[in-house]
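Visitor: Read off the chains here:
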Amino acid sequence: MNPFEIVLMALQAAALMAVSPLVVGIIRKIKARMQNKVGASVLQPYRDLRKMFRKESAVSENASFLFRLIPYVCLTSMLLLAAMTPFVYTQVIAPYADVIAMVYIFTMFRFAMVLGGLEGGSAFGGMGSSREVMMSVLIEPALLISIMTLSAMTGAGFDLSAISGSINARGAAAICPALLLAGTSFVITMVAENTRVPFDNPDTHLELTMVHEGMLLEYSGRGLAIMEFASMVRLTIFMALLGTLFFPWGTAMAMTAAELSVSLLAITVKMLAIAFGIALLESTVAKMRVFRMPNMLTASFALALMAMVSLYVL
Amino acid sequence: MIRRSILNLLSPKKPAESIEEMGSRQLLMPFVRGGCDGCGKCASACPSGAIDVGKEWTIDLGKCIFCMDCVGECPLSAIERVPSPLYALKREDLVFGASRPPGPAGGALDEPTVAALGESVSIRELDTGSCNGCEVEVNCMSNPYYDMGRFGLKIVASPRHADMLLVTGPMTNNMRKAALDTFEATPSPKVVVAMGTCAISGGIFAGGDVSGEGVGDTLGVDLFIPGCPPPPERAVLAILRAFGRQ
Amino acid sequence: MRLGDPIACDPALLAQYVKAYCDEGWRVVSMFASESSPGSTVNVLLRRGGEVARVASETVGSYPAVSALVPAASVFERAMWEMSGVVPEGHGYLVPAIYWRKGDGHPLQKAPYSIDGEERVPLPNNPIRGAGLFEIPVGPVHAGVIEPGHFRFSVAGEPILEMRVHLGYAHKGIEKMMEGPVSRNRAHLAERISGDNAVAHSLACAHIVEGDAPVPRRARQIRVILSEIERIHNHLDVLAGLCTDCAFSVAAAYGSEVRERLLRANREIFGNRLLMGNVVPGGVRNDLSREDVSKLEAAVMHAGFGAKKLEGYIRRTPSVVDRLETTGVLRTEDALRYGTVGVVARASGVASDVRAELPYEEYGALSFNPVSLKKGDVMSRAAVRADEIVESVSLILQCTSEMEEGEIRRGYETPDGLSCGIVESPRGELVHCADVRDGEVWRYSIRDPSFVNWPAMEVAVLDNIVPDFPLINKSFGLSYSGNDV
Amino acid sequence: MDVLGFHFQDTVIVAGFFAATLVPALVGIVLGAIFKSNKVANVVASLCIVSCAVSVSTYPLWHLGLALEYTLPIPSAIGEYRLAIDQLTACMISFSSVIFMLIVVHVVKSTSDSGCRYSALLNALFLACFSCMSADSVLVLLFSWELVTLTTFLLSKKGNNDHARWMFFAIAHLGGMVLICAYSFMASVAGTQVLSQWDGLSSALGHWTSMALIMAIVMGFGTKLGLIPFHAWMPDLYATAPIHTATLLSTVCSNVAILMVFKTVFSYIGITAALTPIAFAIVIIAVATALWGALESLVQREPKKLLAYSSMENMALVVLCMALGIIYIVESPALAKLVLVAGLLHTLNHSVFKSLMLMSIDTVEDCTGEKNIGRMGGLSRTLPALSAVAIIGILAMAAVPPTNGFVSEWLMIQSLMGADLESKGMSLVIPLILAAVGICGMMMAASYARLYGFIFLGRPRSEAMENPRPMKRGTILPLALLAALCLGMGLFAMTIMDVLAASIVSLIGMPPSPGYRSVMSGELLPLVLGTAVVATVAVLYWASKRGAQPEREVPTWSCGEDLDENMQYSSIGFTQPLVKVFHPFYGDTTVVRETKDSKVRTVIIEFVEPFVKYLYKPLGALLTGISERIGKTQTGNIQTYFAYVLITLVVTLLAVRVF
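Sequences listed follow chains W, B, L and F, in order. Okay, so the first sequence: first residue is 7 according to our numbering, each after it adds one. Okay, so the second sequence: first residue is 2 according to our numbering, each after it adds one. Okay, so the third sequence: first residue is 2 according to our numbering, each after it adds one. Okay, so the fourth sequence: first residue is 9 according to our numbering, each after it adds one.
Hints are computed from structural coordinates only; laboratory data are not their basis. Glycine included, C-beta positions come from ideal geometry on N, C-alpha and C. Wrong hints could be hidden among the right ones.
[Stated by the list, open to error] Here are the simulated lysine to any residue pairs, SDA-like style, with alpha carbons at most 20 angstroms apart: (1) L/K310 / B/N9; (2) F/K607 / L/N126; (3) L/K177 / B/G50; (4) B/K155 / W/Y52; (5) F/K117 / F/V58.
[To be verified] A few chain B residues facing chain F, derived, Cβ under 10 angstroms: (6) S159; (7) P160; (8) M176; (9) A179; (10) D182; (11) E185; (12) P190.
[Unchecked claim] Derived CB-CB ranges, DEER-like: (13) B/C40 / L/P182: 15 to 23 angstroms; (14) L/G62 / B/G39: 16 to 24 angstroms; (15) B/C40 / L/D288: 21 to 29 angstroms.
Between the sequences and the hints, there should be enough to build the whole structure, so can you do that?
Guide: Here it is, written out as structure tokens:
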């Protein structure tokens with residue numbers, strides 16, 4: 007790793023975090039247009055975050071030091087993950103980009119969120135935490151296995167750089183039943199992990215149906231801004247992983263201007279396509295009942311297992 | 002559903018109205034420019050006591066429910082229908098008479114608040130016992146015709162996330178504590194908007210089982226939007242103008 | 002409608018009398034106490050199809066509770082106890098319904114009364130206990146744009162084991178404000194009992210004020226048109242709201258778009274988006290020009306098509322159907338037991354519709370098919386609403402096709418005595434009653450359909466999971482302000 | 009030998025070491041047996057601390073190259089009393105002694121009236137554990153293992169908890185019997201009682217017998233580890249016994265059992281390719297135990313019972329690692345080393361965070377007098393120091409980076425994924441194990457979130473929670489040290505792993521190369537990750553606090569009505585969705601009863617452990633009958649138990665000799 011490469015990796019992580027509000031803005035814009043509305047500007051999430059960041063924090067008198075610390079823990083975990091996610095360049099902060107650690111950092115994020123939901127002692131925070139916990143029991147293993155499938159498929163160990171490098175190097179040849187199955191499982195996981203329709207409604211105004219929003223009900227001002235931003239980054243990370251690992255075309259493997267510009271174009275197209283997919287899903291499907299979620303998540307889990315098994319059986 | 006979504010996505014024409022279109026629709030209010038002999042028939046016909054003929058003919062737009070019963074009562078046909086102002090920043094600015102005729106509303110909220118919230122306003126609707134008319138209109142504010150989301154206005158679920166309390170209803174005694182709690186729970190800088198006649202003055206319910214005359218007696222109000230109920234485009238425009246936009 | 006002489010009975014026997022009526026298929030429509038010296042007259046209004054009966058009983062202080070024998074009377078007795086100070090002895094759940102404040106005397110009494118400070122009566126805990134059970138308090142300030150009301154769920158996780166509705170936050174003392182000289186114009190206040198049902202309330206009020214004098218036919222036709230437009234926009238709101246609540250956003254936006262077009266047409270034709278100010282005692286305020294009629298027909302037909310399309314979106318999307326079907330079932334026997342009315346009753350197999358049974362205005366001369374379904378779940382209530390929109394369109398078109406020319410307003414005189422106005426509001430059977438003594442309204446009672454339907458929701462939500470509650474609540478589509486008067 | 013400029017004979021140092029370790033504890037026992045006063049009790053406990061402190065030096069001494077072997081100068085007809093400490097044993101002894109010491113410090117600080125008897129028994133337990141870990145003859149091993157059972161049994165008396173104690177005693181003793189038979193049999197095959205001379209008995213035993221013996225050893229020690237179905241004693245005993253007894257059982261005693269299993273399976277019996285099938289059986293038991301522990305922990309109402317199921321799950325993971333070690337060792341020694349290191353590291357980590365959590369929970373119960381998690385809440389505002397150490401313990405248990413719990417789980421998953429999936433149908437087995445481990449991990453995380461959230465966060469759910477008694481002076485010290493260990497062992501995990509990797513060479517007899525690190529990713533990950541997490545949080549927090557609007561404390565948002573203590577999520581409700589998802593496993597054991605008096609309905613939700621209901625209730629009737637009879641005839645007198653244990657041992661060993 008030369009210093010220039012390190013700078014590039016840092017830039018790529020920074021870029022991922024910087025565009026995440028834009029990504030959310032684009033999804034919201036597409037959704038609004040699908041609802042025959044004009045919708046807010048794609049830059050609106052930036053404005054929202056800036057406003058929240060400047061506001062006073064109203065903290066529950068029952069909340070402890072953890073409540074004040076949790077936004078920073080969540081942001082930190084997203085920062086680490088952003089540094090581990092191949093975006094325009096397959097090389098990430100190797101050798102620390104460990105896929106297992108990646109899943110555990112997602113767990114750290116969730117664990118912090120769940121504890122944050124229990125702070126304050128309202129029924130809604132607990133409700134959000136309780137549902138989140140139910141989902142996470144099925145999501146995390148599926149995520150673990152679908153990512154592991156890639157590791158096993160490429161034989162590249164646990165280093166995300168090597169995995170993404172190997173998959174992208176193969177290009178279309180990388181597409182096999184295992185990749186497709188794992189990819190499908192990953193898509194379900196992505197939707198569930200980011201608590202989007204049909205698992206949760208990010209735009210809901212009903213406190214009784216909330217999952218993710220329920221845990222955020224007590225946050226305000228700066229804490230809320232950070233939590234919202236962390237959630238946006240999480241969505242972008244998942245989209246980037248889907249784009250670079252399961253659609254293996256175009257991501258730069260060498261540090262040449264040509265490859266990087268192709269890669270930039272490719273990731274833009276992929277992210278827009280995924281954003282469109284998410285928006286279309288959210289527009290055409292209703293939120294499912296809470297106790298239907300496990301079926302869907304079990305399906306994702308089974309797909310991931312099948313992906314893993316198919317590597318050796320097929 | 003997929004077909005409709007994609008057609009909507011691709012169609013360039015949206016029902017959303019521009020600010021000019023919304024601004025072109027007026028809400029008419031009764032007003033006497035001159036020729037009133039002070040007989041007081043209009044005042045006694047007014048169901049909410051908005052008209053005063055004591056010194057000069059004045060109408061309190063904060064009490065008027067826009068029923069226009071007064072227009073027909075005037076034996077001299079002196080009461081005309083004139084465009085009403087969109088909003089007011091002070092309660093007394095809603096009282097009009099010959100010496101202070103209604104004109105287009107002006108003025109914005111104070112500078113720091115506008116700077117902090119101008120581009121992104123999270124609204125918490127607070128119903129303090131309204132008849133549900135205002136709620137119908139607040140819900141309409143986000144339909145494809147008014148689409149307030151495009152201006153960065155959105156309804157949020159918790160007062161913790163809110164910048165603006167959009168208060169409707171005359172502030173019933175039973176809602177007073179809840180309203181104070183909500184205000185307390187909202188982080189500053191925050192703006193309190195009294196939307197609709199009953200929020201401004203109690204309107205037709207003044208003197209009933211309500212706390213004071215309107216929301217202003219319980220919470221400090223920064224912005225008054227008259228109307229019973231105010232049509233959605235007026236509420237959207239009033240908020241935008243008060244934040245100095247357009 | 003003037004009510005004749007009541008069946009007078011001893012307060013001790015009131016419950017048995019009412020029970021006897023109910024056993025014969027009568028239903029308690031309204032109960033209210035009207036002050037008389039020394040005590041109060043408890044009036045029980047009963048209806049069976051087109052027949053209306055009144056049982057009255059002079060009570061002093063207390064009487065044996067009717068609800069012990071007729072559960073539907075429970076909520077009425079709570080309100081009477083609290084507002085008029087008539088104590089139902091042996092009532093199983095004597096919890097405030099509307100007022101929630103302690104004081105000297107009662108708000109509806111004629112003598113002055115005073116309140117003890119600002120303290121409200123604390124909300125009671127749900128009558129259920131157990132380790133691990135907890136209560137979820139929701140409201141009065143909800144996360145959405147909804148009126149104020151408090152729901153108290155007892156759960157140990159997701160399934161709802163017990164739920165109680167506590168209302169009264171929108172209590173503005175309208176019944177008291179309605180009292181006074183009969184000559185006063187009450188229409189504006191009546192419209193604002195529940196702003197989205199402005200026509201229905203002002204119509205019920207007009208029926209009382211007008212006595213039994215007929216209004217001109219053209220006015221009656223316009224009144225039908227107004228009522229049905231109101232029904233369409235309320236039903237559209239519920240259908241769109243159901244889509245919103247299950248995150249079916251495109252259909253929800255479509256529904257709100259259709260509704261907005263109707264509201265705009267209202268403003269253009271009738272001068273008010275919610276049709277306020279149109280029904281006046283003796284007739285209607287605004288006449289319809291030929292142009293107006295054709296605009297109206299177009300707008301209404303567009304709304305009808307929109308509603309069918311919206312229903313199609315719902316029915317063709319399995320994920321939505323899955324949310325709506327089998328959710329929030331109100332069984333027929335519960336619907337009967339709680340005396341539910343309107344869409345809620347009709348979706349649970351109780352085909353009661355004032356327009357057909359006790360026709361008012363022009364309804365007797367128009368043909369329409371009352372809609373009724375059996376299952377009683379959210380989907381049935383949505384389907385009843387969608388079908389009723391179609392019926393409403395047909396009713397409006399029947400009116401517009403043979404509009405009678407002529408005047409739209411006529412003089413009237415309000416008789417003394419007890420009269421009532423019963424109309425079918427978008428939410429169901431709406432009853433206003435007034436006790437007019439010597440040209441003064443002595444007691445004015447408003448019974449919104451929501452008042453009898455709220456208790457039924459407490460049963461319909463049981464064993465559903467918490468996140469399905471918003472859908473159930475929306476499908477009932479009840480009013481808070483109308484309930485709290 | 010040249011230490012710090014002094015010249016000693018090795019033997020002098022070794023004898024001195026054993027004397028310094030054993031004598032204070034022995035003196036403590038004697039003092040404790042004679043005196044009754046509480047002052048003496050503290051002296052006795054201090055003697056135990058001295059013994060622990062000395063035995064911490066075991067690993068440094070081994071590292072200096074001393075051959076830590078000792079034969080007690082007692083002549084015997086049935087064998088020598090030999091103690092011998094190899095590298096792994098030294099490692100485990102040193103570490104367990106630290107834990108033991110911190111627990112005893114906590115005993116001294118927290119209990120003023122535990123009495124001489126309790127302190128004396130702690131000394132005895134220390135002796136038993138020490139000699140069991142360092143045992144080099146079958147007699148010492150079995151005798152001290154029985155002594156561990158016996159002392160813990162005696163230590164666990166508190167109030168009227170005879171049922172739980174006897175359940176424990178019966179099950180542990182059953183395990184003891186199995187072990188006596190297994191070791192006696194092996195001794196007879198090996199022809200010697202000296203364990204260090206049993207090098208790879210499997211060839212002599214034949215693989216069927218070896219497999220049976222491995223199973224017997226795992227299950228025998230497994231009775232203390234809580235392997236299914238021998239876990240039934242754990243929740244009740246943890247909940248009813250004095251907390252330090254439970255903590256010692258869960259940590260030090262488990263360490264002893266794990267060490268003995270590892271030594272016996274890999275060193276004494278020795279693994280060959282033919283023995284892999286039994287590993288799959290153990291894998292199934294371990295996975296079932298882990299899942300069972302995770303599932304049951306979700307519905308526990310007493311924090312200590314929840315922790316008991318957590319111990320069960322953690323120990324099952326260690327046993328799983330051991331089984332995977334058996335599978336890997338033939339084909340891929342480096343991977344086997346990785347998985348064994350993971351297992352041992354997890355054992356050590358578990359003893360740190362579990363002792364921290366058990367003692368923290370006990371402090372909560374002590375300060376508030378409340379045992380039901382459903383009536384707790386809000387302690388983070390009133391006991392901030394305790395909540396700060398407890399959150400570290402919780403994060404460690406939930407395997408959140410950068411704590412020690414994360415490192416060992418991370419290693420476990422690495423070793424699972426490193427498996428050569430193309431052989432032996434592993435491609436089917438490994439993903440399933442991975443899935444099970446993942447699900448267990450998340451379920452346990454849910455349990456831990458519940459444990460912390462419903463004790464420390466939110467609003468108080470009962471009067472006792474609002475004004476807890478302050479913590480006893482000094483009790484925070486051992487807890488803080490344990491919390492520091494949780495973090496430190498996470499950050500410097502690589503160092504500990506290197507030590508463990510070097511230690512297991514003596515166990516599996518492999519040259520140091522290829523190193524286990526060759527199959528591992530991200531060598532410095534724990535340290536880098538940990539530093540990154542802590543530093544970033546700190547920097548962000550600091551940066552963000554500058555120029556921020558002031559914070560305002562307001563009541564919890566309650567939608568405009570007043571909240572009472574019953575209006576927040578309950579701990580049972582918290583996991584109800586999961587219980588519903590996994591309802592086949594709870595099945596008819598979730599009982600919802602409704603009673604209705606005049607106005608108030610009462611709903612009772614009960615969970616019954618199926619193993620207790622269907623296996624132990626019927627069996628228990630029998631067992632309690634027997635144990636009660638034993639209890640009656642022997643009146644709880646220590647000497648009689650000793651005699652009983654000795655007689656059993658001697659009879660069995662003689663029997664083996666004769667046949």
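Visitor: Taking the hints in turn, state whether each one holds.
Guide: Evaluation of the provided hints:
1. L/K310 / B/N9: Holds, because 15 angstroms separates the two Cα atoms, which is no more than 20 angstroms.
2. F/K607 / L/N126: Given pair F/K607, L/N126 holds - Cα atoms ~12 angstroms apart, limit 20 angstroms.
3. L/K177 / B/G50: Roughly 18 angstroms separates the two Cα atoms, so the pair holds.
4. B/K155 / W/Y52: holds, 15 angstroms
5. F/K117 / F/V58: holds, 16 angstroms
6. S159: Since chain F brings a Cβ to about 6 angstroms from B/S159, closer than 10 angstroms, the hint holds.
7. P160: holds, 6 angstroms
8. M176: At 8 angstroms from the nearest chain F Cβ, B/M176 passes the 10 angstroms test, so the hint holds.
9. A179: holds, 3 angstroms
10. D182: holds, 5 angstroms
11. E185: Constraint on B/E185 satisfied, holds at 6 angstroms.
12. P190: holds, 9 angstroms
13. B/C40 / L/P182: 15 to 23 angstroms: Check passed, 21 angstroms falls within 15 to 23 angstroms.
14. L/G62 / B/G39: 16 to 24 angstroms: violated, 52 angstroms
15. B/C40 / L/D288: 21 to 29 angstroms: holds, 28 angstroms
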